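Sequences listed follow chains A and B, in order.
Take the first sequence: its position 327, counted from the start at 1, is 327 in my numbering, and no numbers get skipped.
Take the second sequence: its position 343, counted from the start at 1, is 343 in my numbering, and no numbers get skipped.
Accuracy of the hints is not assured; some may be wrong.
[What the hints assert, rightly or not] With a cut-off of at most 25 Å between alpha-carbon atoms, the simulated SDA-like pairs for lysine to any residue come out as follows:
#	chain 1	residue 1	chain 2	residue 2
1	B	K62	A	A174
2	A	K376	B	G389
3	B	K463	A	A174
4	B	K347	A	A174
The hints are simulated quantities; they were obtained by calculation from the structure and are not laboratory data.
Nothing here was measured: the structure is a model prediction, and the numbers come from that model.
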Amino acid sequence: MDIGSAMNAMRDVAGLPAHPIIFQILMIFTWIFHIAFVHIALGAAGVAIYGYHNRHKNPHWERLSLAMIKVAKVSVSLLIVLGVAPLLFTQVIYDPQWYASNVLSAAWAIGFIFTLIIAYCLWFIFYYFNHGVLRPNLIGYAWIALALFCLDGLIMHTLSYQAILPGEWMNWYAPDGVLDMSGSKLHAIQWIRYLFIISLSAPIIGLFLIAYAQYFAIRDDFAPEYRQFAKDLGQTLTTVGFGIAAILFLGWQFNHSSATNLVLHPLGWLIFIALIGMVFAAQRFATKLHGYLPLVGGLGVLTLLAIWREIIRIEYLRPFGYFITEYSVNVDLPSIMLFFATLIGLGGTVGGFYLTLLYQAGQTQGHYTATKLVDKLGTFAIAILTLWIITFFTYGIVIWLANYFIV
Amino acid sequence: MDVVGMYPTWYVPNIGTAWVMGIIGVIHVVASHTAVGAAFLFAFLETKAYQENAPQLLNFIKKYGMFLLVFSYIIGSITGPGIWYAISVASPRGVGGLIHNFVWIWAAEWVFFTVEVIGVYALIYLLGKIDAKTHLKLTWSFALASWGTMLLIVGILSFMLWPGNENWYQTGSTNDAFFNLNFFAHLGIRTGSMLVIATLVGLMVASTEKELALKASVVKFLAPIGLGGGFFAVMMFLYYIRTIPDNSVEMLHAHLLPVYEYAMIAVFIAATLYLSFAWWQPKYLSTPLAIGMFLFISIFGVWPEERIRESMRKPYVVGQYVYSNQIISRDVPGKNITGEVDKIAKKGLLALHPFIPQRLRVITDNNRLEVGKLLATIACSNCHALEPGAPLRNIPDKLHRATDADMIAAFLTGALRHGAQPYMPRIDLPEAEIQAIAHYLAAVNQGQNVKRLIVEQRAAAIKMQVAN
Ligand code: HEM
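The shape of chain B in the complex, shown without the other chains:
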């Protein structure tokens, strides 16, 4: 039987599944980077306390540790699977591709996670209850294990962008997929940012410290780590954008930098000024300032980062072989994978997609609008909202609200069919399906009440059936 292994679609109006993932992703990135970074700061501080025999630092750690535990571990460990759930429902074939390439890496990652969750409780409960040397070993092993989780996840995330050369497509080996071209650059960015975020969290806690000398010593210790981390992350980012594929470069210059460039520069300058100020005048570091800066930098820094990372991958979700709209774009001989675009071009989504209601498999005058909507949702909604004015690159606006179905069809049979847009998949569909999509998009742009029309046409179709 002829079938393409597509899944049902989850459609979220206006923001799309992309933003659902983005929102959970931001929370997770902030939490997990805090967790890993804080693990190291914890280790540095505890070593300092141990060497200088400064128990007041341990008190600080105790406070800091509570925060680390509450904030990052809980939120991080829930939103981690959260991202996974989100990508499962947004891009089932994308996440499936990742899982089937990297299951053993993920399983190794899970070993680290499990060890870490036990470790974090050990760390907090045993602080001050056991001898200092053993606790120090606990803290250091915990920090190293935390970084281990980052080492493992970064390879998977950077493969999502691309493997970087042809090897993996031929060998199918996890080696080639994991240690991809931008792995080290990506790792550098994340390691640097982790130190920045952890410093910001550390400063929040330190800002509540009443004893000025302790506060100053902690802040003076943390601020340079944050500054160094930030500088390193920026360097690595500049290197990173040299390791990305052409479609990403195009996307970056044409669509992303114009939107996010100033925000990113502003965040960098603000963070640098803030940390320098704290370093210079720790006693003026107040809690509202510390919280405000944490929120500002983590939200306005991480949101663009996550959006850019997601958008730069376009038109793919995984390894430049799975398109965002779940269609396999090319052959991967190393895994016996064959592309699906041509097959779909020939037979059409209506015939090949397993989850099309029977009455919509053949286009008629009475269901063209409904089919058009369905096909647009399947083929476009992973990247575009369908509502005019909606925030996720809504198609009506992208089409400049064109109301002429033929003009829209010309776009679909031109740029889209030939894959001329580097950031959009090659979407090649049979003529009737193209007409249906164009018909639907034109109706939306004409401001018609599409929902009502569909209901009316469905009723008409049923009437006709009964009459026959």
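Isolated chain A, as found in the complex:
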């Protein structure tokens, strides 16, 4: 049976509740934040472990390691929750690919969850016994946790990659016509792509460290030597990291399926230039720029990567006749409005309140008292939440009564 027509038949029968391009944009956009925190988490974990082993060489290492243990812990929570959005949107427009890929490696998809739980718990134990001072003997937990995080990234990669190789699905599901329903294999790994994406952890944590040094500049308990130490390390990691990433990226460029012509696509080369550009830009970070600015460059690279992944997917699926724009659409306005109102109204105010509060409190040495702005934001956050809940119930009760008692 022709897999192209099969894929079109495997699309959900209900169609989409909004135009496919909207989901595509949201998918690309939200994935940027997922991968950014993947990089911060892996990078911070790496720096924490390295610092741990070097803690006797220089007291700054101990302090930085302690800080990075925490950063990794928080970042993993964030990467998980930020992964949910692209997970949702991928399944909306690429459901045939995503589900087929997952079912074919189902045991790994489930294993992903359990290994992630174990990895997080191990990291948490490591954190729990290492705040304040570093203690010996627990570093094994950190190593295992980091290895498992990388394994989970590999599973993620495999699921993404298998999804764009529909021509192979039947060979994986029934090699030589003999069915294998165990879902126990990872069928396709493009190592160069995986390594490239993971390698960005080094420069991204580098950029993070530069911003870290800037953020704490106004706190007296962060001595200039320590901040300089973090910043220097950040700069080294950024320069070397983007350099290595550029080489790996070049390898990936020549690894695309030749049928796709992706090697000639301008965006790929733009990414290469951006990576090299970041290597050179990193030389200037030390003196001239504000510490947050390089982060913007990093975000730019990740944005290009997010778009590039989507172009790759489109090109790989093109020969099979799969186009998201052909998905049937049944627009559902009420739920669209619910989402955007929640995102802007509630995400903006409540999220804004938390972030501003954390930002300001973090810069304050000792006790923090809310500024007028934060105080107002807090009141506003509660008001918006209450309003949201009241609207939800009023609206719901009206529909419910209309459906079950009036009609």
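Guided by the hints, dock chain B with the ligand onto chain A, whose structure is given.
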């Protein structure tokens, strides 16, 4: 081209994908209800501490908060996507149906999640570091946001059972799907249980408190909340079972209550006695008791709940239009959906299913057993294990180990073909496919080594091909 949009199948021997989901589901339910419930208890306690100027309560919260953070948020936030992964690989078309009806609701839910994860860290790190009033706002906004996630998910979960009337099928509108007949009852059960679970967790933490007065004040504060929550949940459950469809009522009375009724009553009585005792004699609340009761109530309370919820939906996974075995059961004009049962009856799964190896598309003497096994896996294994004696309603036992292929075929062409069993899908297949399934099931029941036979027959087929 004629095709039905089915996916490959993931088969888990003995327990089926259903139990994989059940296990992750239990962990998730315990964790997420703890999270939401604890958010509220946190808010109550902090308000009390603020009003009564009782900083020792804040210390308790700090301890409690650690637990909340470690236990519920981490586990909850991982197992949440976990359930999603599990249902994706168990019921791809089921989860696809949910996603395509509710993507915007889920997206709104994601906004809440993201805000909450930031909130939980803010809550813990800033406790005692910032002024009390701002922290209180933080805590309350966090609690309300947590409940918001529950409000949104409950509508989706209850739609899985059914919309409750014909409207949605005609309009296809998320409004009608989301605020379905049992939405409020379901919300009530979950809100009540969330308070119970959170209380149980609170008591575990309180049990470790050395200072007796503080311990007593916390326990006396929590226990009535748990008791009230439990009572409310039970009331709501009784209302809930008035809002479910006939097939669920049948399933409940014929298959579920006989198995789970006593366990549920036992859990209710045990929980009531435990919380009353703690309320009355807080100083005797020991940590082993608190942990033991938490495990007992959460496992023996939540496992039946999850199994019942899953089983009651049978034969459907979603909205009474997608069968558990991934076949669309009926038309939904509001979404331009047409049922697939009749089409499959006419042309057969072998012809319409995209993931059938070519050599199995036509039944021969040399592949009948293998095809039978494949078809049984596709058509039945979402609900039944195929191994004799296996825990997930295994078919051999359900057939009383009948060894006569004709008798089994009679069941398939009788009850199943006509959809006479309210809890089983209407499975109507062409004669040859029925014979293959019956042949396979009979072989299993005869105790034959089916695996080896299939290998031998495959080899024989290849030999024949080469000879020709
Ligand atoms: C330690 C844990 C994780 C790591 C290291 C990780 C890493 C990655 C990487 C490297 C990719 C890109 C793969 C590629 O393009 O080849 C990716 C994609 C993705 N991740 Fe994660 N991830 C993790 C956890 C999660 C979780 C928990 C979720 C969901 C809740 C998630 C959702 C996604 C999604 C939806 C994609 C895009 C898939 C696609 O577009 O096909 N990730 N992740």
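### Query
Are the Cα positions of K347 (chain B) and A174 (chain A) separated by 25 Å at most?
holds (23 Å)
### Task
Below or equal to 25 Å on CA atoms is what counts here, so check K376 (chain A) against G389 (chain B).
Cα-Cα ~63 Å, so violated.
### Message
Between the alpha carbons of K463 (chain B) and A174 (chain A), is the straight-line distance 25 Å or under?
### Response
Holds, because 20 Å separates the two Cα atoms, which is no more than 25 Å.
### Query
Under the criterion that the straight-line Cα-Cα distance not exceed 25 Å, is the pair K62 (chain B), A174 (chain A) satisfied?
Violated, at about 54 Å.
The structure fails hints 1, 2 (numbered hints given earlier, in ascending order).
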